[in-house]
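A.B. asks: Protein sequences appear in the order of chains R and E.
Position in the first sequence (from 1) plus 6 gives the number in our numbering.
Position in the second sequence (from 1) plus 23 gives the number in our numbering.
In short, the hints are calculated from the structure, not lab data.
For clarity, every value in this text was computed on a predicted model and none was experimentally measured.
Be aware that a few hints might be false.
Unchecked claim - Partner residues aside, some chain E positions facing chain R, computed with beta carbon under 10 Å:
no. : residue
1   : R186
2   : G290
3   : P334
4   : F392
Backbone N, C-alpha and C fix where the C-beta goes; we use that ideal spot for every residue, glycine too.
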Amino acid sequence: MDGLTLLGTWIAALLTLCILSFLYKDNPFYKFAEYLFVGVSAGFWIAYNYHNLLLPNLIDPLKGAFVVLLLEGRLDFRWLTIIAGLLGVTMLFRFFPKAAWVSRYGIAFSVGLGAGLMFIVYLQANCIYQIWGTVKLSPVVITEGPGGQHFDWPTSVSNTLLIVGVVSALVYFYFSKEHKGVLGSTARLGIWFLMVSFGAAFGYTVMARISLLIGRMEFLIDGWLRPAVIAPIQGALASLGLL
Amino acid sequence: MKSVPLGVFIIMALAAPAFGQMLQAAEGVTARDTPLDAGSSITLTWQPSPDEAGRKVQVLAYEVWRATRAAGEYERLGEVESGKENYEFTDEEAENGVEYFYKVRARGERMSTDAAPAGPVKATAEWFHPDRLNMLVASVVLAAFVLYFISQARAGKELFIRRIAGLEAVQEAVGRATEMGKPVLYVPGIADIDDIQTIAAVTILGRVATMIAEYDAALLVPCSRSLVMSTAQEVVKEAYLEAGRPDAYRRENVRYLTDDQFGYVAGVDGIMLREKPAANFYLGTFYAESLILAETGHSVGAIQIAGTAMPSQLPFFIAACDYTLIGEELFAASAYLSREPRLLGSLVGQDLGKVIILISIIVGVVTAFLAQFGFELFGRSIALEQLFVVK
Numbered sequence: 007m008d009g010l011t012l013l014g015t016w017i018a019a020l021l022t023l024c025i026l027s028f029l030y031k032d033n034p035f036y037k038f039a040e041y042l043f044v045g046v047s048a049g050f051w052i053a054y055n056y057h058n059l060l061l062p063n064l065i066d067p068l069k070g071a072f073v074v075l076l077l078e079g080r081l082d083f084r085w086l087t088i089i090a091g092l093l094g095v096t097m098l099f100r101f102f103p104k105a106a107w108v109s110r111y112g113i114a115f116s117v118g119l120g121a122g123l124m125f126i127v128y129l130q131a132n133c134i135y136q137i138w139g140t141v142k143l144s145p146v147v148i149t150e151g152p153g154g155q156h157f158d159w160p161t162s163v164s165n166t167l168l169i170v171g172v173v174s175a176l177v178y179f180y181f182s183k184e185h186k187g188v189l190g191s192t193a194r195l196g197i198w199f200l201m202v203s204f205g206a207a208f209g210y211t212v213m214a215r216i217s218l219l220i221g222r223m224e225f226l227i228d229g230w231l232r233p234a235v236i237a238p239i240q241g242a243l244a245s246l247g248l249l
Numbered sequence: 024m025k026s027v028p029l030g031v032f033i034i035m036a037l038a039a040p041a042f043g044q045m046l047q048a049a050e051g052v053t054a055r056d057t058p059l060d061a062g063s064s065i066t067l068t069w070q071p072s073p074d075e076a077g078r079k080v081q082v083l084a085y086e087v088w089r090a091t092r093a094a095g096e097y098e099r100l101g102e103v104e105s106g107k108e109n110y111e112f113t114d115e116e117a118e119n120g121v122e123y124f125y126k127v128r129a130r131g132e133r134m135s136t137d138a139a140p141a142g143p144v145k146a147t148a149e150w151f152h153p154d155r156l157n158m159l160v161a162s163v164v165l166a167a168f169v170l171y172f173i174s175q176a177r178a179g180k181e182l183f184i185r186r187i188a189g190l191e192a193v194q195e196a197v198g199r200a201t202e203m204g205k206p207v208l209y210v211p212g213i214a215d216i217d218d219i220q221t222i223a224a225v226t227i228l229g230r231v232a233t234m235i236a237e238y239d240a241a242l243l244v245p246c247s248r249s250l251v252m253s254t255a256q257e258v259v260k261e262a263y264l265e266a267g268r269p270d271a272y273r274r275e276n277v278r279y280l281t282d283d284q285f286g287y288v289a290g291v292d293g294i295m296l297r298e299k300p301a302a303n304f305y306l307g308t309f310y311a312e313s314l315i316l317a318e319t320g321h322s323v324g325a326i327q328i329a330g331t332a333m334p335s336q337l338p339f340f341i342a343a344c345d346y347t348l349i350g351e352e353l354f355a356a357s358a359y360l361s362r363e364p365r366l367l368g369s370l371v372g373q374d375l376g377k378v379i380i381l382i383s384i385i386v387g388v389v390t391a392f393l394a395q396f397g398f399e400l401f402g403r404s405i406a407l408e409q410l411f412v413v414k
């Protein structure tokens with residue numbers, strides 16, 4: 007491990023310990039790591055957004071379009087990016103209280119565009135695909151086997167659960183009627199289905215989180231403690247002839 | 024030492040039939056604008072060189088070259104390995120509206136042969152995708168329902184919305200914060216303002232902020248995106264103005280922390296520990312940070328109301344928060360709290376859409392069931408695919 011890597015490992019390990027000290031209670035070490043993390047990451051994301059959003063989507067296309075204009079004397083479609091640039095500039099008007107209203111145009115455009123684009127995405131992923139995934143299911147499945155036709159009960163039970171689950175959960179999300187009578191019973195069944203699926207998801211994700219913790223502990227033990235703490239101490243003791 | 028000249032001799036003897044023979048070019052090269060796309064794409068197809076089938080001369084690969092003039096300078100785009108019956112290559116870097124010519128070069132071990140250039144061809148973007156007509160119909164029908172019910176609500180028709188438990192608790196949470204003299208913390212998720220859940224969260228923030236202004240409690244809104252912060256500042260300012268308390272609005276309380284997911288969590292956790300809010304709202308898009316936030320909020324004794332449409336995070340909010348808005352309840356919340364005709368009409372319109380979905384599912388399941396016994400309803404297999412499969 008070279009000097010720079012060793013320094014990096016020590017900083018990473020100490021900052022990890024500072025963050026983990028939160029498990030005891032709020033303390034100056036946690037505060038230090040928190041402020042450092044927030045500040046450094048905010049700075050990092052400014053640079054990241056400049057290089058990955060502004061540069062490829064605005065500055066580079068405008069540069070290219072300007073070159074085409076100079077060399078070929080024609081306007082190409084990349085000049086359209088100037089509209090996005092101007093909308094972005096409207097955001098900066100927030101720094102001038104008297105003209106802060108101008109920033110609303112940029113915000114309104116972002117909100118409207120986001121809602122419009124996501125409308126189609128949600129409709130396709132959460133609605134059309136969901137319907138198609140359910141309508142092709144039959145609650146009774148007959149399959150051809152060596153001895154002729156037979157009732158495929160595992161698939162039939164699975165399909166029935168899926169159909170009942172989708173229909174009852176959909177009824178739960180119906181807001182225009184009071185959930186009473188048949189509607190109420192179906193909605194209650196729907197929330198049961200939802201809770202069972204949430205329980206399964208909970209267990210699955212907890213496993214993933216534990217593996218993250220194990221990964222961090224492995225870094226502390228194998229990445230820092232052994233090579234950067236224990237090994238140098240052993241080396242020093244050996245050189246003194248104590249080992 | 025004798026083995027070297029002998030080896031060279033053997034190789035030359037084996038390769039001898041190939042010398043003096045030209046490698047034949049790929050056949051039937053066509054270049055066309057990739058259909059039904061957003062442009063910037065041209066698709067080339069060709070059949071193998073006759074030598075590939077005859078194996079007289081080995082074809083290793085086919086190289087694709089592009090130029091803006093038939094006799095111009097060609098640039099190499101890539102290659103496709105040999106051994107197929109039909110070949111296809113897609114140029115994904117074509118500029119819309121520019122004429123291109125393409126050459127396919129059959130490359131052997133010692134020689135290469137170009138096919139005649141294909142072109143000119145231009146990449147264009149299509150305005151309409153016929154295979155997605157079902158999406159258009161669904162969008163138009165849903166929009167028509169929503170617009171109809173909005174007009175009904177504006178005309179004064181009373182539209183009913185059922186009770187949503189989590190939202191009944193909003194007033195209780197704000198009241199508690201006021202009584203305890205502690206702030207309300209509102210976390211609008213970690214997605215940007217173009218995310219529909221963030222838009223819903225910011226809309227709800229407006230109603231919650233009005234309530235907070237009326238109760239004269241303090242409101243803290245840490246944001247992970249600058250655009251969300253700008254929008255939230257506008258919304259909270261409007262809310263305080265609506266409540267008749269513009270003097271109580273504190274711009275610095277709606278603040279930006281960082282775009283980084285866990286940097287943001289560390290910052291919000293710090294705010295919770297130091298400000299000790301009496302009520303925490305987590306509404307919007309959340310990922311792995313959901314449990315960290317909710318656990319910390321729980322540890323400081325705050326009443327917590329969460330809401331998200333992220334299925335993977337809902338279990339954590341349900342486990343660690345007092346009330347949770349599940350999925351679409353988040354979108355219904357703004358209508359429920361504000362009772363504005365536009366939002367109410369939109370919600371009832373969507374409910375009618377759900378009724379149509381339910382009917383579609385029931386019809387589909389019945390036809391699938393009957394199909395098991397040899398019955399066919401409405402030419403099931405064809406009709407249903409056309410309706411619901413999105414390409």
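A.B. asks: It remains to establish, for every hint, whether it holds in the given structure.
C.D. replies: Hint by hint, here is what the structure shows:
1. At about 8 Å, the closest approach between the beta carbon of R186 of chain E and any beta carbon in chain R falls short of 10 Å, and the interface hint on this residue holds.
2. Hint on G290 of chain E holds. Least Cβ distance to chain R is approximately 5 Å, under the 10 Å limit.
3. With a cut of 10 Å, the hint placing P334 of chain E at the interface with chain R holds, because the nearest CB-to-CB distance is about 7 Å.
4. With 10 Å as the threshold, the beta carbon of F392 of chain E comes within range of chain R, its nearest partner Cβ sitting at about 5 Å, so the hint holds.
Violated hints: none; the structure is consistent with every hint.
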